[in-house]
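With the sequences and hints as input, model every part of the structure.
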Amino acid sequence: MGLKDFFKTRQLKKAAKLQNGTANANGQDLKAQPPDELLCTLWTKCQGCNELLYTSELKKNLSVCKHCGFHHRLSAQERIDQLIDYGSFIEINENILPDDPLNFVDLKPYKNRLNEAQKTSGVKEAIITGLGSINNQLTAIGVMEFQYIGGSMGSVVGEKIVSLIENAIDKRLPLVLISSSGGARMHEGILSLMQMAKTAGALKKLHEAKLLYISILTEPTFGGVTASFAMLGDILIAEPHARIGFAGRRVIEETIRQKLPKDFQTAEYLLENGQIDLVVPRPNLKQHISDLIRLHSQNTKKSFSGNGIDKTMIDKILARI
Amino acid sequence: MGLKDFFKTRQLKKAAKLQNGTANANGQDLKAQPPDELLCTLWTKCQGCNELLYTSELKKNLSVCKHCGFHHRLSAQERIDQLIDYGSFIEINENILPDDPLNFVDLKPYKNRLNEAQKTSGVKEAIITGLGSINNQLTAIGVMEFQYIGGSMGSVVGEKIVSLIENAIDKRLPLVLISSSGGARMHEGILSLMQMAKTAGALKKLHEAKLLYISILTEPTFGGVTASFAMLGDILIAEPHARIGFAGRRVIEETIRQKLPKDFQTAEYLLENGQIDLVVPRPNLKQHISDLIRLHSQNTKKSFSGNGIDKTMIDKILARI
Amino acid sequence: MKETKKDFIALDFEKPLIALSKQINELEQKTLQNGNKKVVNDLKNQYAKVKSQIYKDLSPLDRVKIARHPQRPYPLDYIQLISPTWHELHGDREGKDDGAIIGGLIEIEGQTIMAIGTQKGRNIKENQKRNFGMPSPEGYRKALRLFYHAEKFNFPILTFIDTPGAYPGLEAEAHNQSHAIAMNLRELAGLTVPVIAVITGEGGSGGALAIGVANRILMLENSVYSVISPEGCAAILWRTKDKVQEAANALKITAYDLYKLRIIDEIIPEVEGGAHYNPKETSEQLLIAVKKHLEELSRLSSNEIKKDRQEKFRNIGIFVNA
Amino acid sequence: MKETKKDFIALDFEKPLIALSKQINELEQKTLQNGNKKVVNDLKNQYAKVKSQIYKDLSPLDRVKIARHPQRPYPLDYIQLISPTWHELHGDREGKDDGAIIGGLIEIEGQTIMAIGTQKGRNIKENQKRNFGMPSPEGYRKALRLFYHAEKFNFPILTFIDTPGAYPGLEAEAHNQSHAIAMNLRELAGLTVPVIAVITGEGGSGGALAIGVANRILMLENSVYSVISPEGCAAILWRTKDKVQEAANALKITAYDLYKLRIIDEIIPEVEGGAHYNPKETSEQLLIAVKKHLEELSRLSSNEIKKDRQEKFRNIGIFVNA
Ligand SMILES: [Zn+2]
Ligand SMILES: [Zn+2]
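Protein chains in written order, with this note's numbering: chain Z, 1 to 321; chain G, 1001 to 1321; chain B, 2001 to 2322; chain U, 3001 to 3322.
The reader is advised that the hints may include incorrect statements.
Here are the computed lysine to aspartate or glutamate pairs in the EDC-like style, where the Cα-Cα straight-line distance is at most 20 Å [said to hold, decoys possible]:
| no. | chain 1 | residue 1 | chain 2 | residue 2 |
| --- | --- | --- | --- | --- |
| 1 | G | Lys1205 | U | Glu3246 |
| 2 | Z | Lys259 | B | Glu2171 |
| 3 | B | Lys2152 | G | Glu1272 |
| 4 | U | Lys3307 | G | Asp1170 |
| 5 | Z | Lys111 | B | Glu2246 |
| 6 | Z | Lys205 | B | Glu2311 |
| 7 | G | Lys1205 | B | Glu2151 |
| 8 | G | Lys1108 | U | Glu3231 |
| 9 | G | Lys1108 | U | Asp3242 |
| 10 | B | Lys2241 | Z | Glu253 |
| 11 | B | Lys2125 | G | Glu1268 |
| 12 | G | Lys1205 | U | Glu3151 |
| 13 | B | Lys2292 | B | Glu2281 |
| 14 | B | Lys2129 | G | Glu1272 |
| 15 | G | Lys1210 | B | Glu2151 |
| 16 | Z | Lys205 | B | Glu2187 |
| 17 | Z | Lys205 | U | Glu3151 |
| 18 | B | Lys2152 | U | Glu3187 |
| 19 | U | Lys3129 | Z | Asp263 |
| 20 | U | Lys3306 | G | Glu1208 |
In case anyone wonders, no lab produced these hints; they're calculated from the structure.
In structure tokens:
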């Protein structure tokens, strides 16, 4: 019996026990699941070293493999849970929902894709935005959801980011955006392209307001997202081994007709090529962001006091901390 | 009888005629000159193609060889004569003179070098600055004199450039600086290095005043001059084949231990490497500068009117045009 | 008839015209001998009808083909045609003069304008220099330098866009193509001088937008502007490049589509067949449109110009606010 | 005695100390057996006298040697010693992270400071990365990016200078070393946050000045600052590198000379023998000086800070106004 089979057997025994209960940690009913899916739920095969890991332990370790350090992809909600102080997050603009402005149909209608994406990802669009505190420091934060049509940016993502930036300006809060995206959302045609200019334009205002913007680049960040708001941070941080770039690897290889180096477009490659400030492993990320926010606010406290801050909003958040 | 000898004979005959007069075009007494020097005065051997050229015709052609296009080095005064409308130039700060702040002595005292430089170059320091008109457009202009200790920048060059810039700001005039320099003047030690920051700082003010600065790079421009005011033009123009750079060719070859390409640090190389806007042959230079000044003043005329302009100075210049 | 000229390059949907014009030519020569003009005139009438029919029914993909026509006028052509002066400015000041981005000073009615464009080449040698109109990061930085120059001297900015997109290359990534484009988007948003963008051929995605964040966006009638090429879109969404026609239709990339979507502000008419049939006439139409918008924008203050551009893009997006 | 430690690297003028300290060591061991302490104590007194004599009479060239001592503390050493935090920031955003220029955030008395420095390596591998402390254009652009960052967030800037100069290489020229340095000189002149520069080792010409346009320029006692290296100057003006001593004298490059010339604002004392004898103590002296000047500058408004710096450099220069 190989190691994997051993795990599988042990796993099935555990699952049998669980079936006496009603649901697993994710609140899903286990009874209807066949053993293989069950395996996937309670155990996770590391994408870095193929080791089988307890899902719950992996999650406890922020989805970083203890054996090889591989950073598994996070959902937007998981990211928020990891970064924002418990209970302090208030989502904004959750009701800005996608439309289908071009009546776009490829192999299936865009409308269907949206419905499916909402079901599989559990979120209404490819970004969650809101206000919350990071080690007691109020922050405007947006997190992209790659599960939702590859984290692509259409009208909703653009609008939610811009509205978040306007919130940050209004309340003089630091901004943190966490990207994970294949780029612009083709199904909205030119409208998705224009979100690049729309988000960059809002960041110009934030820049003029001299507010801090920390951009976190995670696996993968490409195309129109990298080439707009994601690259415009005052501080750019990437997670280890995250692939980040403008054009995709295959497109480039087809164009230049040669193989690209293995580490091309990785976080480490970007650091070496002067494109980002730092590569920060996930376990240090919250502390790192928190430190940077603190360092960027201590010389400007005077000018901060009461400058347009919506007291009720802050009180609301502070009440939760 | 070779061609050279033929020219020499012809030359001597002409010289004999001239000796009946009192002085040549430069106002120098010819009587004391031996034949060889005389040859050099009336004839010039082209540094590009070795052709013997009538000096007077060469000068008429702006010291550009008619055969090969070689641009011979100009004195500061010749440069002014070529660019500034006849009779419109008013020199400023001609009485800012060099000191010897470090009591510097190498193989000979710096003081002696200064005296010699003044004699051989006919100017008091390595730059002439003043106001004049270029195709009827008032301009603040500075021209470096390479003959004066290799056009090196010491305290006087720095002070005269800064004062010229302050004049340009005060009178809202465009600025044209024509560089030809080996770099900072070692004999003034740290003081010469500081002229880089001094001139660049004055240009920051000019930049903030939104005034035009055209920098003309001529053979050769190197070191602390390139790495300060010469590279800070809104428009950068070089003369054909002029060598321009930071470090000298030999220093680089010693450092990297390989031969440099032949066109390295030429005007054409700089253009190809995105460092300058244009390479302009000398015969087109005045028109080109004049066009650029015109183009840069026509949208801003409203804000120009009377803005701090010293009327008497301008009237003085206009009276000469 | 242009179609019979030696250097004429016909698109597939123009093939019927070729046959017809050949027939007309042959008949005309005979007619010179025989004197029967009626047949020729009939044929000419038929030709005109076929032609106007062809150009009336152009599909989006047909327009893509016209937009990419190798004889289509390029930015440098329009610049020569609309301005008495052209003072080209070169380089990013940091190591490269990207031939795919051109920039310099032109004059329109005695006003200095900063013209910036993406530039394709017409032959192998030119395309080596121009990289087929695909800019590198250094090209966008060159453009940014010129944007700042224009801002300093109060020059309106006129951009000409005709690019397949930013260059997808190893060096382009290593030199941070993303950042170069993003910076242009952000910094264009901050300018207080009028910015007018004209899509003259292909408006290829982020590579086009990087010089396209303008107060007014104009499009030549047969130009296209898209988030992705129809070929790329077909390959990704239909999983085959054969569906390029469907992708071109679905993406809404023609001037007419984009005008309806209120992304662009004006369609500049081209002569029948496309701008390459008569570059001069097209350039005159272009100049009329540019002048009109320049004049309108000149009535705004610097701050209003900046605000106008920012609000334009702030308001782009179609979504449901539940 | 440091001189007897295994890793101690003696300079030529320190050789007498080596001999003496060896003698003392040997005698001390004997004394442990024989009990005659007087001879040892005499020798120790003699040692102290010789030592203080040596360091009192240091020639400019001796200081050059101390400034270049391979064990001299480098900027990253001082940063670790004076600040509880160090958040390094990397890259020019355009293709390179120059290891010869380091930058990041530090804290001094609860205030965030942007620290920027030139950084040498201590071994072959490090020097490959640091290029022996000789920055490339990209390094100066990285510094410029961090200057702007500091300006935006109201961080005072503290620079540490220890460089033979900007790198004289093919790529450095191709990427426009001159422009990179010149831009830093110009843009530093425009900052409204306090800038303090500390020459900690070699202040090599334009390569040093590019991060040295400061409100206050401080020098460690044994550092040097010069328009050209003594070797380079000797080679050009004396036409032989043998005259390096003469050149070092003539150029006036020591902290004392530059203080007299009113180029620098303060000399930071080092321990006897040089900072490498006790980096911690030297860093404490450095911190005291930096705090003093930060405190003084903090009393000025943003505009006054900018004006202060501009006037400082405006007034440098010695000439005759006839
Ligand atoms: Zn693993
Ligand atoms: Zn010649």
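A quick look at each hint next to the structure:
no.	hint	in the structure
1	G:Lys1205 x U:Glu3246	violated, 39 Å
2	Z:Lys259 x B:Glu2171	holds, 13 Å
3	B:Lys2152 x G:Glu1272	violated, 25 Å
4	U:Lys3307 x G:Asp1170	holds, 17 Å
5	Z:Lys111 x B:Glu2246	holds, 17 Å
6	Z:Lys205 x B:Glu2311	holds, 12 Å
7	G:Lys1205 x B:Glu2151	holds, 17 Å
8	G:Lys1108 x U:Glu3231	holds, 18 Å
9	G:Lys1108 x U:Asp3242	holds, 17 Å
10	B:Lys2241 x Z:Glu253	holds, 18 Å
11	B:Lys2125 x G:Glu1268	holds, 19 Å
12	G:Lys1205 x U:Glu3151	holds, 17 Å
13	B:Lys2292 x B:Glu2281	holds, 17 Å
14	B:Lys2129 x G:Glu1272	holds, 11 Å
15	G:Lys1210 x B:Glu2151	holds, 9 Å
16	Z:Lys205 x B:Glu2187	holds, 10 Å
17	Z:Lys205 x U:Glu3151	holds, 17 Å
18	B:Lys2152 x U:Glu3187	holds, 16 Å
19	U:Lys3129 x Z:Asp263	holds, 19 Å
20	U:Lys3306 x G:Glu1208	holds, 13 Å
In this structure, the earlier hints numbered 1 and 3 are contradicted, and the remaining ones agree with it.
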